[in-house]
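Please work from the sequences and hints to get the whole structure.
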Amino acid sequence: MATHAVALPRRRRRGNPWTSALTYGLALAVAGVSIVPVVYVILGGFRTAGQIAANPAGLPNPWVFDTYLRVISAGRFWRYVGNSTFVALGTTLGVVVLGVCAAFALSRYRFRGREMLYTYFVLGLLFPAAAGILPLYLLLRDLSLDNNWAGVILPQIAYGLPLTIVILRPFLLAIPNELEDAAMIDGSSKIGFFWRILLPLSRPALVTVGVITFVASWNAFLLPMLILNNQNLYTLPLGVQQFQGQYSSDTAAILAYTSLSMMPALLFFLFAERQIVGGLTGAVKG
Amino acid sequence: MTTTNRIHAEDLVDFASAGSAGPRPFQSSSRAARIRRKWYEIIGLTLPAVAIYTLFVLVPMGFAVYYSLFRWRGSGAPSDFIGLDNYIGPYGALKDPLFQSALMNNIKIVFGSLLIQGPLAIAIALLLNRRFRGRALFRMLVFVPYVLAEVTVGVMWRLILTNDGVFDTVLRDLGLDSLVRSWLGDPNLVLWTVLGVLTWKYLGFAIILLLAGLSNVPEELSEAAAIDGAGWWQIQWHVTLPLLGPTIRIWAFLSMIGSLQVFDVVWLVTTQAIRSLGAANTMATYMVSEGFLARSWGYGSAVSVILFVISFGAALLYQRLVLRRDLQGALTERS
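Residue numbers (the working numbering), protein chains in the order written: chain C, 3 to 288; chain U, 15 to 349.
One thing to keep in mind: the hints can contain errors.
Unchecked claim - Covered, in the sense of this in silico footprint (three residues per stretch, anywhere, with C-beta under 8 Å from a C-beta of chain U), are these stretches of chain C:
1. 57-65
2. 160-169
What the hints assert, rightly or not - Computed beta-carbon distance windows for the label pairs:
3. U/188 <-> C/250: 24 to 30 Å
4. C/99 <-> U/247: 48 to 54 Å
5. U/44 <-> C/197: 20 to 26 Å
6. C/197 <-> U/43: 25 to 31 Å
7. U/248 <-> C/179: 43 to 49 Å
8. C/247 <-> U/336: 38 to 44 Å
9. C/62 <-> U/245: 45 to 51 Å
10. C/145 <-> U/151: 44 to 50 Å
11. U/248 <-> C/99: 47 to 53 Å
12. U/43 <-> C/145: 42 to 48 Å
13. C/268 <-> U/287: 31 to 37 Å
Said to hold, decoys possible - Computed list of lysine to aspartate or glutamate pairs in EDC-like fashion (alpha-carbon distance at most 20 Å, straight line):
14. U/52 <-> C/188
15. U/52 <-> C/183
16. U/52 <-> C/182
Because the hints were derived from the structure by calculation, they are not lab data.
Quick caveat: nothing in here was measured; it's all calculated off a predicted structure.
Quick reminder that beta carbons are idealized off the backbone N, C-alpha and C, glycines included.
See below:
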């Protein structure tokens, strides 16, 4: 085996050192533009407002940890984190459960109108969500769901369903019929097959859909802004905006607050990068 | 009458399909029960999703059409019917210079995003598709801005771009004093500043899509071209790019729809004052200021409907003209 590998021609010639240097240089430049503003925000939280005013582009000197501590302990930061977590988890649970049920019916049952129903959901991908936001607010107000997390969670579930179904259906369709037949012969019902075999098999797709939904909900701004007036119910994005308004003179505090608020999304992304990227591209590949 | 007919027909179908497994003439009642059960299961599985999706995505748009025919401040039921005045009346949205500027700004953002992000993203994706050590890390860093919340991005860039903020300071330190501008305060400039922030935020998304598309391009093709003596540039231009076509077209679609609806970043980076000059407002920010903040629900609804018609129309048109081949299986039925 080893000798065989040696005998194979080299896949790629050693690159020209100038080309390689150029590649690194360009890649560094691109990564720098992406990341330097983020680093600036994080470092800015370790400076004082005075340091920032004296030299906006400087490094922390000396390093100040007080601002971060102040933001964590004083504001309603943790309450907002808790609220955002609750809303995002509720949304994710709803999207995944309702989405996989619908995708199951749309992939493993044969019935009249199936393709029409699928197209009905797919239409939601072309549907501009922002356009409906004003009447949606009025509808939620009439249902007494304004100032209520349900008023954020339910519409977010509705917005998330089309993409979820578009991602899940091909996945469920690809699971071989022989598996289903075998389960049926063993006396399982269709629902039993769904619960005991299909769901465990589709875990990777469910995780992908879940991660995408969670991040979208965590970052959502417009709908919570319209629906939630009570500060106790605010999600983190509303908290960031409110903090910026209240402490507009204290740049260091805003920077600290902003960088703390982006940590959950960044950490989540580090752990789930593959799922997010895989899901986005999977949806596009269809 | 029709109901019995329908059941009868389905029984026949079911009976016919059972034929291969041997005739079972005595089970027709349990067959009907099974068909009924199948339909219960289908309805039970799909109804919750259909209901919530219909109620919160489609129904509001219908309400928007209805509300847009009234002058209505939001209390009680709408009663002051004014027909199409919210659209084409003397104070209708289509005649309002602020709405017109919002629409123009949206169009500029659509084309600006396509023309700036497209070539940049293709170049960077080709770069990050080369083999080199640390490539995975670079790919991840480039994707970071896309993961950040719009609020984070808005607050962050507002601070960075503020007058004599860090951006201006860096320019001065580089000896580029002449480039220093009032990035967010100059009505002639602010839209381009916003476009810059949008590019920073969403470029990573385009790059990731293109990288995924590139990973589907079989390496054998470029190797074959290399053996035939093609250089790197020739391979990219003649082999890779054409195969990337579907990915580019889908990205352009998503980018266009996003640009037409853009709200968050614009709302957070710009001030209400400069938006109300028409310098950096979009259809969505205009809709929220007029409808939600100024409580002109009828007028705001008319703006929603126009925004909807434009975005949905553009989406359908693009799908018809450009995407038909690419979306088989995703947006058309799968055989």
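Results of checking the hints against the structure:
1. 57-65: Holds, because 3 residues of the region 57-65 of chain C bring their Cβ atoms closer than 8 Å to Cβ atoms of chain U.
2. 160-169: Coverage by chain U holds for the region 160-169 of chain C (6 residues, Cβ < 8 Å).
3. U/188 <-> C/250: 24 to 30 Å: Because 28 Å falls inside the window, the suggested range holds.
4. C/99 <-> U/247: 48 to 54 Å: Hint holds: Cβ distance 50 Å, inside 48 to 54 Å.
5. U/44 <-> C/197: 20 to 26 Å: holds (23 Å)
6. C/197 <-> U/43: 25 to 31 Å: About 28 Å separates the Cβ atoms of residue 197 of chain C and residue 43 of chain U, which means 25 to 31 Å holds.
7. U/248 <-> C/179: 43 to 49 Å: holds (46 Å)
8. C/247 <-> U/336: 38 to 44 Å: Because 43 Å falls inside the window, the suggested range holds.
9. C/62 <-> U/245: 45 to 51 Å: Given a distance of about 48 Å, which is inside 45 to 51 Å, the answer is holds.
10. C/145 <-> U/151: 44 to 50 Å: Holds: the Cβ-Cβ distance is about 48 Å, inside 44 to 50 Å.
11. U/248 <-> C/99: 47 to 53 Å: Holds: the Cβ-Cβ distance is about 51 Å, inside 47 to 53 Å.
12. U/43 <-> C/145: 42 to 48 Å: holds (44 Å)
13. C/268 <-> U/287: 31 to 37 Å: holds (33 Å)
14. U/52 <-> C/188: holds (19 Å)
15. U/52 <-> C/183: holds (16 Å)
16. U/52 <-> C/182: Since the Cα atoms of residue 52 of chain U and residue 182 of chain C sit roughly 15 Å apart, the hinted pair holds (cutoff 20 Å).
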